[in-house]
Amino acid sequence: MLIFEKSLNGRTNPSQAPSEDSVIDDIPQHLLRADEPQLPSVSELQAVRHYTRLSQKNFSIDTNFYPLGSCTMKYNPRACNKYAMLPGFLNRHPYSSERTGQGFLACMYELQQMLLDITGMRAVSLCPLAGAQGEFTGVAMIKAYHQSRGDAERSEILVPDAAHGTNPATATMCGFKVKEIPTDENGDVDVGILRQVVGPNTAGLMLTNPSTLGVFERHILEVEEIVHTAGGLLYYDGANLNAIMGKVKPGDMGFDVIHMNLHKTFSTPHGGGGPGAGPVGVNERLRPFLPIPYVIETSGEYRWAKEDDCPRSIGRLSANMGNAGVLIRAYIYARLLGREGMRRVAEFATLNANYMMRKLQERGVDMAFPGRRATHEFIVTLKKLKDKQGVSAMDVAKRLLDKGHHAPTVYFPLLVPECFLIEPTETESRQELDSFISAFAEILQETETDPDLVRHAPHSTPVRRLDEVRAARELDLAWRDESN
Amino acid sequence: MSEIPSELRYTKSHEWVRSMEDGHLEIGISDHAQEMLGDMVYVELPEVGATVNTGDDCAVVESVKAASDVYAPISGEIVEVNSMLSEAPETINSDPYGEGWLFRLQPVDDNEVDELLDAEGYSEVVEAEN
Amino acid sequence: MPFIPHTKQEIEEMLAVVGVASIDELFSEIPAELVSEQLTHVPAGMTEMEVARLMTARSQQDGNYINFIGGGVYEHHIPAAVWELTTRGEFYTAYTPYQAEASQGTLQLVYEFQSMMTSLMTMDVSNASLYEGASALAEAVLAAVRVKKGINTVLMPRTVNPVYRKAVNSIVKNQNIELIEIPFSIENGATDAAAIQNYSDRQVAAVVVPQPNYFGVLEDVDTLTDQAHEIGALVIGVVNPTAMALLKPPGQWGKEGADIAVGEGQPLGIPLSSGGPYMGFMCCKQKYVRQIPGRIVGRTRDEQGDTGFTLTLQAREQHIRRSKATSNICTNQGLMVVAATLYLALLGPQGLRRVAERCHHNTNTLAQKLCATEGVHRCFNQPFFHEAVIRLDRPVADVLSAIEAQGINGGIDLSPDYPELGNALLTCATETRTIDEIESYATHLERILSR
Numbered sequence: 130m131l132i133f134e135k136s137l138n139g140r141t142n143p144s145q146a147p148s149e150d151s152v153i154d155d156i157p158q159h160l161l162r163a164d165e166p167q168l169p170s171v172s173e174l175q176a177v178r179h180y181t182r183l184s185q186k187n188f189s190i191d192t193n194f195y196p197l198g199s200c201t202m203k204y205n206p207r208a209c210n211k212y213a214m215l216p217g218f219l220n221r222h223p224y225s226s227e228r229t230g231q232g233f234l235a236c237m238y239e240l241q242q243m244l245l246d247i248t249g250m251r252a253v254s255l256c257p258l259a260g261a262q263g264e265f266t267g268v269a270m271i272k273a274y275h276q277s278r279g280d281a282e283r284s285e286i287l288v289p290d291a292a293h294g295t296n297p298a299t300a301t302m303c304g305f306k307v308k309e310i311p312t313d314e315n316g317d318v319d320v321g322i323l324r325q326v327v328g329p330n331t332a333g334l335m336l337t338n339p340s341t342l343g344v345f346e347r348h349i350l351e352v353e354e355i356v357h358t359a360g361g362l363l364y365y366d367g368a369n370l371n372a373i374m375g376k377v378k379p380g381d382m383g384f385d386v387i388h389m390n391l392h393k394t395f396s397t398p399h400g401g402g403g404p405g406a407g408p409v410g411v412n413e414r415l416r417p418f419l420p421i422p423y424v425i426e427t428s429g430e431y432r433w434a435k436e437d438d439c440p441r442s443i444g445r446l447s448a449n450m451g452n453a454g455v456l457i458r459a460y461i462y463a464r465l466l467g468r469e470g471m472r473r474v475a476e477f478a479t480l481n482a483n484y485m486m487r488k489l490q491e492r493g494v495d496m497a498f499p500g501r502r503a504t505h506e507f508i509v510t511l512k513k514l515k516d517k518q519g520v521s522a523m524d525v526a527k528r529l530l531d532k533g534h535h536a537p538t539v540y541f542p543l544l545v546p547e548c549f550l551i552e553p554t555e556t557e558s559r560q561e562l563d564s565f566i567s568a569f570a571e572i573l574q575e576t577e578t579d580p581d582l583v584r585h586a587p588h589s590t591p592v593r594r595l596d597e598v599r600a601a602r603e604l605d606l607a608w609r610d611e612s613n
Numbered sequence: 009m010s011e012i013p014s015e016l017r018y019t020k021s022h023e024w025v026r027s028m029e030d031g032h033l034e035i036g037i038s039d040h041a042q043e044m045l046g047d048m049v050y051v052e053l054p055e056v057g058a059t060v061n062t063g064d065d066c067a068v069v070e071s072v073k074a075a076s077d078v079y080a081p082i083s084g085e086i087v088e089v090n091s092m093l094s095e096a097p098e099t100i101n102s103d104p105y106g107e108g109w110l111f112r113l114q115p116v117d118d119n120e121v122d123e124l125l126d127a128e129g130y131s132e133v134v135e136a137e138n
Numbered sequence: 006m007p008f009i010p011h012t013k014q015e016i017e018e019m020l021a022v023v024g025v026a027s028i029d030e031l032f033s034e035i036p037a038e039l040v041s042e043q044l045t046h047v048p049a050g051m052t053e054m055e056v057a058r059l060m061t062a063r064s065q066q067d068g069n070y071i072n073f074i075g076g077g078v079y080e081h082h083i084p085a086a087v088w089e090l091t092t093r094g095e096f097y098t099a100y101t102p103y104q105a106e107a108s109q110g111t112l113q114l115v116y117e118f119q120s121m122m123t124s125l126m127t128m129d130v131s132n133a134s135l136y137e138g139a140s141a142l143a144e145a146v147l148a149a150v151r152v153k154k155g156i157n158t159v160l161m162p163r164t165v166n167p168v169y170r171k172a173v174n175s176i177v178k179n180q181n182i183e184l185i186e187i188p189f190s191i192e193n194g195a196t197d198a199a200a201i202q203n204y205s206d207r208q209v210a211a212v213v214v215p216q217p218n219y220f221g222v223l224e225d226v227d228t229l230t231d232q233a234h235e236i237g238a239l240v241i242g243v244v245n246p247t248a249m250a251l252l253k254p255p256g257q258w259g260k261e262g263a264d265i266a267v268g269e270g271q272p273l274g275i276p277l278s279s280g281g282p283y284m285g286f287m288c289c290k291q292k293y294v295r296q297i298p299g300r301i302v303g304r305t306r307d308e309q310g311d312t313g314f315t316l317t318l319q320a321r322e323q324h325i326r327r328s329k330a331t332s333n334i335c336t337n338q339g340l341m342v343v344a345a346t347l348y349l350a351l352l353g354p355q356g357l358r359r360v361a362e363r364c365h366h367n368t369n370t371l372a373q374k375l376c377a378t379e380g381v382h383r384c385f386n387q388p389f390f391h392e393a394v395i396r397l398d399r400p401v402a403d404v405l406s407a408i409e410a411q412g413i414n415g416g417i418d419l420s421p422d423y424p425e426l427g428n429a430l431l432t433c434a435t436e437t438r439t440i441d442e443i444e445s446y447a448t449h450l451e452r453i454l455s456r
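Chains as they are written, first to last, in our numbering: chain A, 130 to 613; chain B, 9 to 138; chain C, 6 to 456.
To be clear, the hints were calculated from the coordinates, so they are not data collected in a lab.
Quick caveat, the model's predicted, so the values are computed rather than measured.
Treat the hints loosely; a few may be bogus.
Claimed, not checked - Only some residues are given here: those of chain C computed to face chain A with a beta carbon under 7 angstroms: (1) ILE9; (2) TYR136; (3) GLY138.
C-beta atoms are modelled at their ideal positions from N, C-alpha and C, and glycine is treated no differently.
Excised from the complex, chain A in its bound form:
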């Protein structure tokens, strides 16, 4: 039932609206609204109960194992939320003066410094509001860099075929053409083809490492040399930073620019789709182009670097300085972990993934890259199951929901047929991993004994499998009061 269907005209919530009557007669009639918007008229209890019940229809990290590959669904420590919601942080207006924000700015400055160390870069801006905006920022800086050198011919961005869809979409938004580089059979970039493709038109290469295939790109130093020799720059997509945090610095791999997904690696909440935060780090040659504002420190005072300080900046990406509340949570998380903790994150994320991979292999599950070591995630392919039983990876994913586990990422990367990308993260206990592995094995059994049970899963969720074709053909995107 929708909240609108609980609504009754004339019901009001007086404690939530100003009690005084106001004078508005100086606003001319033709600028005023004639009708009333169809917002629900419900009591506070009705609203609270409705949305509490809705929340209970969600899977979440707090309630379920959530091994979504490439999403890093790790525990979001409650402390990060609690102390980011202190009134001093919540009530600060973004346009209030720097003098009245030294506590907040100190946190932002220290976060910048920690990210510099983790990434091995030379400068950081916290502005980008999500990973995709971080990517946009990075590619826009690459463009600005080439333009500043009068190198206008560089019109192409190279992207491995296994990359996240955001990579090519970002390159297009920045006015570049996209060229895809194939992956070899072991999951590494095909270096031979890369050599043929680079040239005077190459603006840069976007790479995730460990890659979206769940393996570390072993030829990274060779790739670096090829792209730089051709005059291109190297972009690091930080989607998988959790796998190497504290162990390997992207700057040491030769990357010129990197974005990080703090909602993954730094455990800020995914919130059912956002907000994220996608800070960017750059090396010396891209420093002048960093987006503004970012925090600088002079003799113990913090302030924003803005247009006057950074005349060659690619500019602003939003009205403010970034998703401050997310950044504060990431800062708290970093302080809780400390330098040793960060290193252990990568280690135990990798241990959990390799353990699961091996356990599933023992149960007869095929790996996309059986000869490779898993990073913090790995890819399973269910092609044989599909061919033999007509049960798809999506069917198995849905059946996992019945068993109380969120499904892994399905059908990504696009290169591997009938695949799962599985990322357990470091915060899951061995019991939880074992429980998932047992559930997986049970489902494989079911595909033999009762394949329809799997094909028509899920059975125990609030709704059964949804008709997506109907959703797209007969668009119903907003409720309308039919009674009027």
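Chain A is already provided as a structure; the job is to place chains B and C on it using the hints.
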């Protein structure tokens, strides 16, 4: 195995072309293409009167899984579009070579058709993809 | 304290399963020269108690100011239930609802949000939100250029928030889109509608129309909309959502209504929080539904015919359409949408209208009280809402500093962005300001200016 009528011409990007009696060419997407895309939910058609060059993206077919560009197999002027598809995009799934046609064009050069793949050539393309 | 649950024994057993002797061996595929030493700029870890102490001190360092700043971001009362529910783990720690059956809570909530926003804007379609207001405007500009294939010019009034104009420019300039500034009348602070007609012989993809504009001045939205449509351009409304409970919404502007409406959703239950996370909203007419970016939720049926909700029109998005996607955006501000939906449900149509009315009333009172001091005047004599521009007889920055020393954030100094207005101050008083606070501001201003 998908159907590939022998009287039509094809492109590597899965469009088919039918030469009509009035000299126009009718264009749609192949049975194989509709199978790969799955249930169609929306079709975006070119404007009548628009001129297109070979290889231009001039229509979009959208399923739940994918949105795919349709490329002009031949240069020419769009003379008619199958407006019925906006109400019933699923026609492309049920009758890709008949009622599911997308648009018709007046070719600039009639001979260009001969450069397209025949049924045999196209079936090799499909074969290679599987 | 990395939140790792493994015991020593478990670690050994797990390594044995994998068949390696140590954790380091798991990283054996990484070239040895790339493995780094210990981090140097990250301090040692802290306990939760130590972190609590640190963060409490940091947050208190920033003091507690009485806020008269607006500029697109407003301090409103947020009902207690909003964030109590928003931070429930089931909302807070869920992922994007790609597995619809496991995400009906988030999906239905977003559908309700879309319903509320379309009704508030009187538009057909709303997406599930974008990052925030300025980048939402940039996405609207890109959508308009997609609709008007081949036309790359967009008219942008100077009365649009200056940081919005800057952000839009940094986002769209890489696609060779030209933003042409439309001037405003220095007398009344409203966009010069006649200026649009200068472009009648040019091809314009869209005209941006703010309501209220950055100065709080109410634009003649009907005329602007009709004139834009006359030159064949789309109309992108940039509006304050609270104001739409009171003012004519974009769907009703002019003869045909605006084509796209965007804005900053922060006023709907989202705290100031130094600038984010906020939430950008975007609504449009039905015919443009495939041109707008971002996630959209649709209502459908499940296998047994029961109602359910799912993400739809995903073929437009980057994870499917890759380099031809409408945008690279993945994120919607999911958690902020939860807050906004709860806020709108708790206030209802009348509650939201009372908030809007009170904001206007208080700003009106504030402007009158401030202008009682000699040398202080209203800048524009034009209908306004929620914000007012006040002209002082000396540099605004100095006055704001002096006011700040009294525990008051007085507003925004407009002189860097609008030197043509002289010593202009943008100020606002939302429903949260009491008459005592307003009078205190006026008293301090009078004292400071009399020095």
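Q. So which of the earlier hints does this model not fit?
A. none
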